[in-house]
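Based on the sequences and whatever the hints tell you, model everything.
From first to last, the protein sequence lines stand for chains A and B.
One point on numbering: in the working numbering, the residue at position 454 of the first sequence is 460, and numbering is uninterrupted.
One point on numbering: in the working numbering, the residue at position 90 of the second sequence is 96, and numbering is uninterrupted.
No lab work stands behind these hints, which were simulated from the structure alone.
Please read all numbers here as calculations on a predicted model, not as lab measurements.
Just so you know, nobody snuck in bad clues.
Remember, identical chains collapse to one label, so a pair may be satisfied in a single copy or spanning two.
Within a straight-line C-alpha distance of at most 25 Å, the following computed SDA-like cross-link-like pairs (lysine to any residue) qualify:
1. K421 with D437
2. K149 with P246
3. K421 with D233
4. K242 with A83
5. K154 with Q178
Number of protein chains: 2
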Amino acid sequence: MNHFKTLLISSALLVGLPGATLAGDSASTAKILIEKAQESTLGWDIVESLTTEVGPRLAGSDAEARARDWAVKKLNALGFANVHVEPFEMEGWQRGSISVMVGDPYPQRLVATALGRSIGTPVGGITAPVVRFETLQDLRDAKIGSLKGKIAFVDSKMTRTQRGSGYGQAVQKRSAGASIAAERGALALLIRSAGTDYQRNGHTGGLRYDDEQPRIPAAALSNNDADQLGRLLVLKADVPLSFSMSSKRIGTVTSGNVIADIVGSEYPDEIVLLGAHLDSWDEGTGAIDDGTGVAIVTAAATLVARHAKPKRTIRVVLFGAEEPGLIGAKAYVAKHKDDLDKIIMVSESDFGSGRIWRMDTGIAKEDEAKADDIQRVLAPLGVLPGARTASGGSDVSALSAAGTPAITMGQNGWKYFDLHHTPNDTLDKVDPDDLAQNIAVYAAFALMVANTEGGFHPPAEPASEE
Amino acid sequence: MNHFKTLLISSALLVGLPGATLAGDSASTAKILIEKAQESTLGWDIVESLTTEVGPRLAGSDAEARARDWAVKKLNALGFANVHVEPFEMEGWQRGSISVMVGDPYPQRLVATALGRSIGTPVGGITAPVVRFETLQDLRDAKIGSLKGKIAFVDSKMTRTQRGSGYGQAVQKRSAGASIAAERGALALLIRSAGTDYQRNGHTGGLRYDDEQPRIPAAALSNNDADQLGRLLVLKADVPLSFSMSSKRIGTVTSGNVIADIVGSEYPDEIVLLGAHLDSWDEGTGAIDDGTGVAIVTAAATLVARHAKPKRTIRVVLFGAEEPGLIGAKAYVAKHKDDLDKIIMVSESDFGSGRIWRMDTGIAKEDEAKADDIQRVLAPLGVLPGARTASGGSDVSALSAAGTPAITMGQNGWKYFDLHHTPNDTLDKVDPDDLAQNIAVYAAFALMVANTEGGFHPPAEPASEE
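Here it is, written out as structure tokens:
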């Protein structure tokens with residue numbers, strides 16, 4: 007693609023006309039990238055390799071360290087520059103085993119999974135009656151001390167939506183429920199999984215303990231088992247539950263971010279940062295969360311390097327320890343805080359591999375026309391214009407919150423929360439064609455951003471994405 | 007329905023014309039039953055009650071005993087006569103725990119479930135390389151002694167079909183694989199589950215040990231994990247597996263069949279036997295296998311008693327210990343061997359609650375016109391005429407093999423083997439409308455058979471159903 011610079015000059019004259027902010031050559035190269043990406047199996051090969059050779063890769067574990075080794079090797083083999091690991095420390099956690107048994111007169115086992123970072127029960131477990139709450143607010147409304155000697159059960163259901171917007175509501179009981187229950191005296195918390203499937207898998211995910219409250223163990227029942235417990239409580243309001251769990255926090259462990267660049271030809275210091283996260287929860291193989299994200303941004307940047315010559319640097323950051331609370335993202339911001347103004351765009355792929363259908367921006371008003379031009383190139387892939395309040399996605403929201411421009415590529419998440427944080431997050435759930443569409447979008451997007459005249463600037467106020 | 011007998015006399019004159027073998031009143035009452043069944047929630051209430059109050063009910067376990075208590079209470083409450091348990095003894099089995107771990111350089115856990123009646127591994131487990139076989143025949147073709155020190159892995163996939171006809175092929179590796187592998191020297195057997203889903207659940211189910219061979223432990227990987235193991239074996243042919251399982255046989259335990267009658271008004275000694283089985287595997291709550299069968303035949307017989315007056319006795323038999331190998335059915339045949347000629351029809355519901363779409367017969371040639379008349383009444387429910395080789399279904403095939411007439415109501419099993427013998431066999435999988443269609447078919451069928459002039463006679467040779 008050596009005719010690039012010549013064409014750039016002529017197309018720069020077109021500024022102000024629709025599409026004019028994009029160098030014409032950049033748009034036409036983007037279209038070639040879109041074709042190449044849809045023909046390539048590179049993304050599939052990457053997600054297959056990661057989920058097979060490493061499999062589950064809990065933040066801070068030996069498996070996550072193997073994932074970093076895998077990533078360094080893979081990124082070097084693909085021709086990235088500056089491939090390196092930026093390690094950081096975090097508090098480790100182990101899942102252990104779990105048992106939830108209903109007592110007489112309906113003795114039976116329920117399927118549940120420990121919430122990430124939860125403490126375990128005392129050895130021998132907890133046997134206590136269950137108090138059911140329809141919503142987290144109902145739990146909040148319970149009197150302080152009213153749950154003494156009881157297990158709290160928050161039973162709210164998650165709404166399925168295309169954008170995954172049911173998750174924001176559903177996740178609160180998981181994040182905050184344990185401490186709210188503890189404040190009211192509960193011995194433990196059970197929640198209905200924050201998930202939309204009925205496949206008999208609990209959905210794990212991190213909790214946060216409030217330092218003011220005693221820590222109590224917390225776990226998520228599968229939707230099927232939450233239904234079952236609800237029915238049993240109708241039959242016998244004080245049916246006892248025996249809950250035993252050996253999860254534990256294991257002190258300081260090491261995680262790390264893996265960083266790799268496609269160095270820009272004209273402005274190597276200016277960075278288009280594409281993110282995904284390398285860690286996963288430990289029960290699935292982290293295919294859609296976030297193996298596909300790793301594949302999408304890695305394959306997209308590789309294809310840009312193979313078929314184009316980006317003016318700015320395209321940086322792939324494979325964050326560590328996203329799941330326990332964006333720990334890798336925060337480490338990245340801390341380490342690079344003096345260079346954040348060099349980042350002209352962040353975007354993360356961390357919502358599976360459903361087709362991208364809209365593009366949300368979190369950029370300066372005066373740059374929005376440039377983004378619109380990019381969206382128009384992506385429109386044939388089904389990408390609609392979206393909102394002006396993008397954070398860029400999970401980890402990179404820590405960057406956009408610190409003042410970088412951001413674009414979020416909105417994926418179809420209709421089925422995402424059937425699988426998210428379950429044992430069922432495995433390679434077979436990835437559709438190769440949908441994956442290739444994502445890579446096509448990211449490749450074209452990365453090139454066009456890298457080559458956009460004048461770059462992008464942050465919005466007046468950091469976005470707070472819905 | 008007191009005008010019944012009067013109409014019977016006049017309609018009996020119609021013998022020889024299409025539909026003439028059925029008393030006209032019987033057909034019209036059957037049509038009323040069809041309407042009533044589709045309005046009733048009785049079937050749903052029964053399957054909800056069994057799967058909630060008892061839950062999983064492994065053959066020979068305390069839970070199966072609770073299921074018998076539940077059934078006796080339920081059948082009495084519904085107005086059945088002669089409700090009683092016929093106990094029998096069997097060899098008990100406990101699942102225990104299981105762990106399948108891939109060794110270096112790809113350490114990760116695989117999801118598997120013990121096959122029913124399998125022995126466990128030695129304490130500390132078995133660590134050995136895996137030898138993969140595409141099919142059971144490939145395992146058979148391996149030389150005697152060639153698997154010494156190895157774990158055999160039979161990886162054949164099950165074909166999804168409407169009638170479930172992929173199961174016959176798929177189940178052979180589960181039933182016979184362990185002894186075939188043992189004969190070739192294997193330490194253990196792993197199979198790809200005999201199931202059609204990708205929901206990260208292994209499919210359990212009984213195995214049979216050949217007395218001539220050493221007993222080796224056997225388990226089923228989920229389809230997802232069988233794929234994963236296949237990929238890992240491509241990467242490293244001698245990747246070791248650590249397999250630990252604490253399943254065990256626990257000596258003689260008690261199971262039993264629960265029997266209940268709607269006593270016939272004219273020929274109380276002649277029996278239309280509707281079967282289902284009360285036991286389930288222990289990981290799900292046995293909703294589609296066979297809670298729905300219990301609900302279908304129980305609700306159907308109840309509705310017949312409420313809305314009609316059958317001339318022959320309609321007997322519901324809820325068999326115990328179907329899963330470990332029709333043990334309850336064999337006990338029934340042994341106990342009633344002198345009265346089998348009183349049974350003019352057997353039919354079992356044991357294939358979930360997918361809609362019934364065909365009716366297969368296993369009856370004397372001269373009775374086929376009578377069966378065709380019954381099928382015509384059921385046709386508006388979507389029931390097509392089927393084959394002439396019915397066994398009547400799982401347990402009752404032991405009866406038809408011993409010489410009773412049989413009809414099999416063929417259900418749509420397209421999704422059945424997604425759930426069969428998995429933790430995922432739970433109430434949420436039951437469609438209430440489909441369940442009601444089944445009950446409508448069985449109620450109308452039971453009444454018409456009970457009232458068919460001259461009854462039904464066995465075929466010249468017992469059927470061998472596909």
